[in-house]
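Participant: Here is what each chain is made of, one letter per residue.
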Amino acid sequence: MSKSVLTGAMEAPPRVTEWQRFRRVFFGRKIVVFGTAIIGLLVFAAIFAPWLAPYDPVKISLTERLQGPSWAHWLGTDNYGRDTLSRLIYGARTSLFVGLTSVGLASVVGMVLGGMAAYYGGWFGATVMRVMDALMALPVVVLALVVAALLGGGLWNVIFALSVSQVPEYARLMAGQVRSVKENDYITAVRSLGAKDSRIMFGHLFPNSFAPLIVQFTLQVGSTILGEAILSFLGIGITPPTAAWGAMISNARDYLLQQPIMSIVPGLAIMLTVFAFNMVGDGLRDALDPRLRGRL
Amino acid sequence: MSPILEVKNLRTVFKTESGNVTAVDGVSYHVNEQEIVGVVGESGSGKSVTQLSVMQLIPNPPGRIEGGEAWFEGKNLLEYERNGKEMRAVRGAKISMIFQEPMTSLNPVLTIGQQLMETLQLHKGMSTAQAHKRAIELLAMVGIPAPESRVNDYPHQFSGGMRQRAMIAMGLSCEPRLIIADEPTTALDVTTQAVLLELMRNLVRRLNTSLLLVTHNLGVVARYCDRVYVMYAGRIVEEGPTREIFANPRHPYTVGLLKSMPRLDQPRQHRLLPIEGLPPNLVNLPPHCAFLPRCPYGTELCSTSPAPGLAAVGAQHAAACHLNIEESRT
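Read top to bottom, the protein sequences are chains A and X.
The first sequence begins at 1 in the working numbering and counts up one residue at a time.
The second sequence begins at 1001 in the working numbering and counts up one residue at a time.
To be clear, the hints were calculated from the coordinates, so they are not data collected in a lab.
The structure displayed is predicted, hence computed values, not measured ones.
Built from N, CA and C at the ideal position, the CB exists for glycine as well.
Careful, some of the hints might be misleading.
DEER-style ranges, computed between Cβ atoms [unchecked claim]:
(1) Ala1194(X) to Ala37(A): 54 to 60 Å
(2) Arg1271(X) to Asp133(A): 55 to 61 Å
(3) Ala1140(X) to Arg199(A): 22 to 28 Å
(4) Arg21(A) to Glu1137(X): 27 to 33 Å
(5) Asn1281(X) to Glu183(A): 47 to 53 Å
(6) Lys1124(X) to Met136(A): 44 to 50 Å
(7) Ser1127(X) to Leu268(A): 40 to 46 Å
(8) Lys1124(X) to Val33(A): 56 to 62 Å
(9) Phe210(A) to Lys1124(X): 46 to 52 Å
(10) Asp286(A) to Glu1137(X): 37 to 43 Å
Below, in silico cross-link-like pairs of lysine-lysine (PhoX-like), each with a Cα-Cα straight-line distance of 25 Å or less [to be verified]:
(11) Lys1124(X) to Lys1085(X)
(12) Lys1085(X) to Lys1075(X)
(13) Lys196(A) to Lys1259(X)
(14) Lys1094(X) to Lys1133(X)
(15) Lys1124(X) to Lys1094(X)
(16) Lys1094(X) to Lys196(A)
(17) Lys1075(X) to Lys1124(X)
(18) Lys1124(X) to Lys196(A)
(19) Lys1075(X) to Lys196(A)
(20) Lys1008(X) to Lys1094(X)
(21) Lys182(A) to Lys1015(X)
(22) Lys1085(X) to Lys182(A)
(23) Lys1008(X) to Lys1075(X)
(24) Lys196(A) to Lys182(A)
Using the sequences and the hints given, assemble the complete structure.
Facilitator: Listed below in structure tokens is the structure:
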């Protein structure tokens, strides 16, 4: 075989890196760009809250109760005279922290459980998955309610409650992924080269099973933030006076007719945030679609 | 020449809903040092399962190795725990496998280099830098142009032929004593097949490795193999030196295979003769010879007596047939 024959036959097409391709698909839709911008803004607000907020979010000023928007208080004040804008900014902190942490915890635990259950199978896998199925039979909010009611409110209990209720979803998703990925020839090939179980699982199976979970992760951050708001609204979530959007609405509902902006502002914030995470999740799903791999 | 791998009476069974399938039924074979051995048979004859069994790579459940021995370097591989340390130390380092589908045998999320390096670091204890350098050398050895940049490519950036080259590089990376190539070129186009088989033969010679070539292509066998095993319905029905088998086939199935293959020295009008019928269902194998329903030579004796074992019909040449057929090639 001559060298020229080889190189001629194997000329590579012009390179588009995975990253370039990803960006092109992801930012190709305006709504996704919009969602990303909102999340960016939220993250920015959450990190720099102490510098951005005009007032202390928990400072009570009874002389300034239930004010409408003004130059001093852009979004008005609540029934304790606390500045709504400041509480909104600090609330972003709570929401994002709860959302990301509980989804993070739930996905790690769920992925490892589901992945191992699918990889090893047998009685171990069956037991794990049946427990997951049983947990899944309960609606997320109900399950979170039970956990929160048992443990009481507070930031970490809310995170725990929301994580526990989401673990089954990740476990099932991961188990399905691993079950299909492990039938691939390259898993047998890796095994035939002497790799051990842990290496096959974490080095080969899991990376090939991630894509749909990343999408699920993003979508879930939105609904977890909503879940936190629900728990806080019901009074078993974040305990006052910590600023949390759900608690803000719960507090504002008594003044719905007197000062509607008090409920509208955190309500809009929750809506926009959930919407943004859903849009970004959709964008990720399109951009990570393996059918697009190697095209464009 | 001494055998480096000697398999005795291997028996592998799969549990299925319709019953137990004996995919490999008492198969014995050996591979000598620096020898290229062919295993031929049609789809479902158990040739791949045999190789996977030796490496203990049969998915369990549903598969189970029910008996037999596989002697390699004085140890019986089948006594090792399935994914135990000893078995893993053999895989990739002492015996490596090259699979049929280069398209799906490489992990799509890792670069070619990472996959090559993984084996080197695992078995040779190389540092990342050493392994990277060696990975480039290996890619160059299997004829991949510009290996320095190609090493960072992902499998989807490689063509089928290049992926199979990369697989060969992975198989050879730890300089194993035996390479089991399971239909390594079936999924590739004919010109690439020829190039890759030549490459494999040259590398195997250079590295003093033995090669077990599983194939259904008799042309490949004739060109590359020193000895051949012919498998049918989970059993070896004929074995012998390639030359001998092609010149003097003694099992009706081998005869049929040779007749169904186009030959350059035949007149153009000559028709290929297919083997009539279908391979048997392995769930309920008859007690008599499994080839009997398709055998043009079948006699009363064949249907009444149990399936024949391998019997010597010449020096190093054995066939599993009651009859002593002498079929000259037509």
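Participant: So, for every hint listed, does it hold in this structure?
Facilitator: Verification of the supplied hints:
Distance hint check: the CB atoms of alanine 1194(X) and alanine 37(A) are about 57 Å apart, consistent with the given range 54 to 60 Å. For the pair arginine 1271(X) and aspartate 133(A), the supplied restraint of 55 to 61 Å holds, since their beta-carbon distance comes to about 60 Å. Between alanine 1140(X) and arginine 199(A) the C-beta distance comes to about 27 Å, which sits within the given range of 22 to 28 Å. Between arginine 21(A) and glutamate 1137(X) the beta carbons are some 31 Å apart, a value that agrees with the proposed interval 27 to 33 Å.
For asparagine 1281(X) and glutamate 183(A), the Cβ-Cβ distance of about 24 Å falls outside the hinted range of 47 to 53 Å, so the restraint is violated. Checking the proposed 44 to 50 Å range against lysine 1124(X) and methionine 136(A) shows it holds: the Cβ atoms sit about 46 Å from each other. Distance hint check: the CB atoms of serine 1127(X) and leucine 268(A) are about 56 Å apart, inconsistent with the given range 40 to 46 Å. Between lysine 1124(X) and valine 33(A) the Cβ separation comes to about 48 Å, which falls outside the hinted range of 56 to 62 Å.
Roughly 30 Å separates the CB atoms of phenylalanine 210(A) and lysine 1124(X), a value that falls outside the hinted 46 to 52 Å. In this structure the supplied range 37 to 43 Å holds for aspartate 286(A) paired with glutamate 1137(X), their Cβ-Cβ distance being about 40 Å. Distance restraint check for lysine 1124(X) and lysine 1085(X): the Cα-Cα separation of roughly 15 Å lies within the 25 Å cut-off, and the hinted pair is therefore satisfied. A distance of roughly 14 Å separates the Cα atoms of lysine 1085(X) and lysine 1075(X); the hinted pair therefore holds under the 25 Å criterion.
With a C-alpha separation of about 46 Å, the suggested pairing of lysine 196(A) with lysine 1259(X) is violated against the 25 Å cut-off. Among the hinted pairs, lysine 1094(X) with lysine 1133(X) is consistent with the structure: their alpha-carbon atoms are about 22 Å apart, no more than 25 Å. Restraint check: the Cα-Cα separation between lysine 1124(X) and lysine 1094(X) comes to about 12 Å, which is no more than 25 Å; the hinted pair holds. Of the supplied pair hints, the one linking lysine 1094(X) and lysine 196(A) holds, its CA atoms being roughly 16 Å apart against a limit of 25 Å.
A threshold of 25 Å between alpha carbons decides the hint, and for lysine 1075(X) with lysine 1124(X) the separation of about 21 Å falls inside it, so the pair holds. For the suggested pair lysine 1124(X) and lysine 196(A), the alpha carbons sit about 15 Å apart, so the restraint of at most 25 Å is met. A hinted pair counts as satisfied when its Cα atoms are at most 25 Å apart, and lysine 1075(X) with lysine 196(A) qualifies at roughly 21 Å. Under the criterion of a C-alpha separation no larger than 25 Å, the hint pairing lysine 1008(X) with lysine 1094(X) is consistent with the structure, at around 19 Å.
The hinted pair formed by lysine 182(A) and lysine 1015(X) meets the criterion: a straight-line CA distance of about 20 Å does not exceed 25 Å. A distance of roughly 21 Å separates the Cα atoms of lysine 1085(X) and lysine 182(A); the hinted pair therefore holds under the 25 Å criterion. Annotation: proposed proximity of lysine 1008(X) to lysine 1075(X) holds, straight-line Cα distance about 13 Å (limit 25 Å). About 14 Å separates the Cα atoms of lysine 196(A) and lysine 182(A), which keeps this hinted pair within 25 Å; it holds.
Against the hints set out earlier in the document, violations occur for numbers 5, 7, 8, 9, 13.
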